[in-house]
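Residue numbers (the working numbering), protein chains in the order written: chain A, 2 to 320; chain B, 2 to 320; chain C, 2 to 320; chain D, 2 to 320.
Derived from the structure by calculation, the hints contain no laboratory data. Heads up, some of the hints might be wrong.
Stated by the list, open to error - Taking CB as the label site, the calculated pair distances span:
#1 Phe71/B to Leu128/A: 35 to 41 Å
#2 His63/B to Asn32/D: 35 to 41 Å
#3 Ile50/C to Phe65/A: 35 to 41 Å
#4 Ile101/D to Leu128/A: 41 to 47 Å
#5 Phe65/A to Met59/D: 38 to 44 Å
#6 Ile50/A to Met59/D: 32 to 38 Å
#7 Leu128/B to Ile50/C: 36 to 42 Å
#8 Trp47/C to Phe287/D: 32 to 38 Å
#9 Pro45/C to Asp248/D: 37 to 43 Å
#10 Ile50/C to Ser223/D: 49 to 55 Å
#11 Met59/D to Leu128/B: 26 to 32 Å
#12 Ser223/D to Ile50/A: 42 to 48 Å
#13 Asp300/A to Arg58/D: 21 to 27 Å
Unchecked claim - DSSO-like, lysine-lysine: derived pairs with alpha carbons at most 30 Å apart:
#14 Lys175/A to Lys210/D
#15 Lys210/D to Lys210/C
#16 Lys250/B to Lys12/A
#17 Lys210/C to Lys12/B
Stated by the list, open to error - Below, a sample of chain C positions facing chain B; criterion: calculated Cβ distance under 8 Å:
#18 Lys12
#19 Tyr120
#20 Ser271
All C-beta atoms in this analysis are idealised placements derived from N, C-alpha and C, irrespective of residue type, glycine included.
Number of protein chains: 4
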Amino acid sequence: MAGPQNRFRLKNIDNTGFGTNSSVEGGRLVNPDGSNNVRKRGLPVWERISFYHTLLRMKRAHFFLTIMLFYTATNIFFASIYFLVGVHNLSGIQHSESVIDELLAAFFFSSQTLTTVGYGHVAPTGLITNAIASTESLIGILAFAVVTGLIYGRFSRPRAFLLFSSNALMAPFKNGKALMLRMATYKNNHLTDVEAQLTIALHVEENGKTVTRFYPLPLEMSRINSMASSWTIVHNITEESPLFNYDQKALSEAKAEVMVYVRAFDDHFSNTVQQRTSYLSSQVLFGARFIPMFQRSDDGSYTLLDLSKINAHEPADLP
Amino acid sequence: MAGPQNRFRLKNIDNTGFGTNSSVEGGRLVNPDGSNNVRKRGLPVWERISFYHTLLRMKRAHFFLTIMLFYTATNIFFASIYFLVGVHNLSGIQHSESVIDELLAAFFFSSQTLTTVGYGHVAPTGLITNAIASTESLIGILAFAVVTGLIYGRFSRPRAFLLFSSNALMAPFKNGKALMLRMATYKNNHLTDVEAQLTIALHVEENGKTVTRFYPLPLEMSRINSMASSWTIVHNITEESPLFNYDQKALSEAKAEVMVYVRAFDDHFSNTVQQRTSYLSSQVLFGARFIPMFQRSDDGSYTLLDLSKINAHEPADLP
Amino acid sequence: MAGPQNRFRLKNIDNTGFGTNSSVEGGRLVNPDGSNNVRKRGLPVWERISFYHTLLRMKRAHFFLTIMLFYTATNIFFASIYFLVGVHNLSGIQHSESVIDELLAAFFFSSQTLTTVGYGHVAPTGLITNAIASTESLIGILAFAVVTGLIYGRFSRPRAFLLFSSNALMAPFKNGKALMLRMATYKNNHLTDVEAQLTIALHVEENGKTVTRFYPLPLEMSRINSMASSWTIVHNITEESPLFNYDQKALSEAKAEVMVYVRAFDDHFSNTVQQRTSYLSSQVLFGARFIPMFQRSDDGSYTLLDLSKINAHEPADLP
Amino acid sequence: MAGPQNRFRLKNIDNTGFGTNSSVEGGRLVNPDGSNNVRKRGLPVWERISFYHTLLRMKRAHFFLTIMLFYTATNIFFASIYFLVGVHNLSGIQHSESVIDELLAAFFFSSQTLTTVGYGHVAPTGLITNAIASTESLIGILAFAVVTGLIYGRFSRPRAFLLFSSNALMAPFKNGKALMLRMATYKNNHLTDVEAQLTIALHVEENGKTVTRFYPLPLEMSRINSMASSWTIVHNITEESPLFNYDQKALSEAKAEVMVYVRAFDDHFSNTVQQRTSYLSSQVLFGARFIPMFQRSDDGSYTLLDLSKINAHEPADLP
């Protein structure tokens, strides 16, 4: 029979963690970066958010900008306090008519205290100013401890550094076809014991109601010993495949989403790393195959992997 | 037969780590936070306690208060020493009649040394004062190293951040009933390979003696791939269940305690995390079922999980 | 037959990592702290030793003493350099006749530079002195980074914190006897999935040559879910036991060594921890049994574990 | 039949992560240090390189040299800025005719700011200079946080510290021969649950085309409990071995490469560690056997392991 009816014969799985009615019109289950497309509420934001992890996952530029802003804001805060207490309690500040100048002097004294650089040409004299400066230097030390922790945390967060092809291809394979996608590590890291797992989510009508069903997509090879260069993972479309007889249109109607989960052991971190992504039906190309992305070096002494070709493909007739 | 006699047919387990006579009148085995209800003695407290872990598990406010107190105490300690040696060995301190003023000056000099801010408007001159200041700045650096380690340790301690429903429900299920409890992650963390395990402790009379027996409670689904939103774990009360025929009163008489153990892989920490909790018989509600805690967002583009509804339930007739 | 001949019927294991001729007259294979009784040579000491781990495993007092010595030595080193260059290049040092005073001034300036406290009442003026001070403050910062790393490493090193009974007991068990030893965690840590493994090494004569044979000792229970209080591990002396018919004298003649290996998941570190120890034949007591080391608290609300009773035992007749 | 034809009967494996045409004339698949002989391009170097890991794997001397260079370069950069803004904005710098002297003064002020030593005999006065110094001290603190993270990362990177024999030997074994190689830990670390895996890559002609085939080499013992001293791993050349009938010449013609993968649990790091290496056919010696590298200590109380003998072997006739 022509038509994507094969799936009724197959057992769907219900331990994906997504419910059968998690179907979302126009949305997706898993975001391209691998996170779940879920938002939370019902708790105040400071209980709902792990600040540490937010700062860990932030882009590098944003992270350093955040620190810069925090540094400036803290100095403004303390400068205001020193100003309110009176800058005459700071020895070394020349008597000046200008409020701005006094505030600036207080600001720079604050920064010298917070970073513990403490030149001393400006120094606290009165009791209150001394107490504030003493507190500020402790805060500076603690803030620095926090920043050290964050920076180390950012460095050492185990990541797979996997680059995925931006398309999944329905390519000729053996005498039929197969769903293929390609991945490679893009950093100088080395993965061993690499395992991949493919799951497809299909939003289908059952008893007049749209429900989401999940099916595993068995792979020709689901584990390799070492991610030496690139790895193309292959789901052969046999009669046992939930995608048997699906074409581009049927995939699109089912709002199909191919969820990819890769787990490996990383040599750098000596830790398990994992990465997830997903492909929407619009990212699946029918009738194309990948072009190899590696070649011998000119002198033949090593293999050269061209990361810019991760998605390189050419048309290929499907049977 | 009416009555909770089913358990005699079932095999209890004895590898829980609790003894059969660990039964404690009025107490519980596992505290709600997952720790064992056991205290230790027989060793001095400093050998019996891991200070690092105590400081790691302390509430944030208590932790920073502890540091503040330690900072103040250390400064008082060194201020006393500088005072005893004589503040005339500190250049820059104005000759003052008042002991208080001298002590305060010594205190602030100490804080400037401990934090290594070292303005220098007050500075050590004599041999002894110099030696003390030199030692204090080393102590300051070491203390700061300790604090940095503690703060990073607090940040990076792998935690599951699981919120459990405050009640376990005896809810209608299929044609019978089931014991259900619900959990969700309350932070922006992401768990994969989530496993749950339920064990019930029943304090029962055997040969005229009260002993504690432990039975595993098999789950309808004991493992999910991804903690995408909430997860309701379900123990179906079949004839094979140790809770078959138990009602609220029987549970209460057996001082039943449902122990929950969840283990998962956390994407943030790239580490295994686990969390435990337990429900006393008084926390088990008969004839209620959970109300879903997630819904589609208004624009349909993502799923919204309302954490304040973690325990939301409604009455439901049991068969 | 009376005599320890049972072992000939049993399969010995050869994957212990110890060779069959690792038999050492009068020595032991595993030290009480769990390390192997092996020393290495053939490489220079700095290649053969991991300084990081040596500093990590050092006793706390020794560790801080080492830091103190390093701090003093570095200051003496730099003080000598400042002295050789000439202390007149350090502004603020009063012209003094005494070499000792100049050296002391240089020493304290060095310590102020190394800790970056930098009061500034003494400060470098000439080019060379400035360059040295600039280098010293960098070294100070790097040394501090190293110390921070070491202190965090010491804190966070996953350890099982297991206390073992100092004796293994041959105690009455069921209708026969069993080899028992007891362990408990002595800190406020919590172990789950605790596994124990017992191996016995027997130095026996085979074909006129003394060889070492290793046999696993099967346990009544080799895994518990949670180390709630203490755990007594039990090897039942059945006809299948390699220790069947062994008495104190036979054990001693075979220079028997019981090697214990415990592996668990620690809740604090969220990491696997392990600990090893071994018992020589002289530590095995025949005809004794452990006295319970836990009891109910006076108000019955929790269990009290008395760590000082870890080895508490009483005589017990063996069958 | 004489000749290395045995492999046609055996199943080759294709999950090594290397392709069948990864054969490289004159090159090798795995470098002696265990990395894959692959280079990447197609992404800018800063996306293709993990700086953290590059700095982690760098030799110690290079690492500290890099820091020294970075420190000097940063100081030159800021010195130039202070000079351009005008050194009259730095109090305490004596008016000097010489540009060099002004630059040097600015350089040392910069280093005092960057390290936060801040003596204060030179101090910023104007607005711009103050602002720059304030920024520089923040940068100093952040750079120091980075260095602390790097140093801790270098310390705590789990490594197996395995020393391999530089040759693999074809040695007499039982009534035939076996491929043997030896390893030992060269630091004071302790490995448990040590697993080894051997794979051979043979570049062979199939249908007139040179392809690379991979075969596992089964080991006599592939796992030991504890790396107590040295471990010789042994692949017996039986009729089932892919190397049956291969001699030195045949190995060389097939450009054979023996890839070794060792995985263990390290007691120090409480972490899984792994190490890889490979032997080219030219490193395989036919007709030799290892000489033991351990002996009893003179007083018989411990075992002495001589690491300089890791590759010690003597000629031995093969059958």
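Each hint tested on the structure:
| no. | hint | result |
| --- | --- | --- |
| 1 | Phe71/B to Leu128/A: 35 to 41 Å | violated (22 Å) |
| 2 | His63/B to Asn32/D: 35 to 41 Å | violated (52 Å) |
| 3 | Ile50/C to Phe65/A: 35 to 41 Å | holds (38 Å) |
| 4 | Ile101/D to Leu128/A: 41 to 47 Å | holds (46 Å) |
| 5 | Phe65/A to Met59/D: 38 to 44 Å | violated (23 Å) |
| 6 | Ile50/A to Met59/D: 32 to 38 Å | holds (36 Å) |
| 7 | Leu128/B to Ile50/C: 36 to 42 Å | holds (38 Å) |
| 8 | Trp47/C to Phe287/D: 32 to 38 Å | holds (36 Å) |
| 9 | Pro45/C to Asp248/D: 37 to 43 Å | holds (39 Å) |
| 10 | Ile50/C to Ser223/D: 49 to 55 Å | violated (30 Å) |
| 11 | Met59/D to Leu128/B: 26 to 32 Å | violated (43 Å) |
| 12 | Ser223/D to Ile50/A: 42 to 48 Å | holds (47 Å) |
| 13 | Asp300/A to Arg58/D: 21 to 27 Å | holds (25 Å) |
| 14 | Lys175/A to Lys210/D | holds (21 Å) |
| 15 | Lys210/D to Lys210/C | violated (57 Å) |
| 16 | Lys250/B to Lys12/A | violated (41 Å) |
| 17 | Lys210/C to Lys12/B | violated (50 Å) |
| 18 | Lys12 | violated (26 Å) |
| 19 | Tyr120 | holds (4 Å) |
| 20 | Ser271 | holds (4 Å) |
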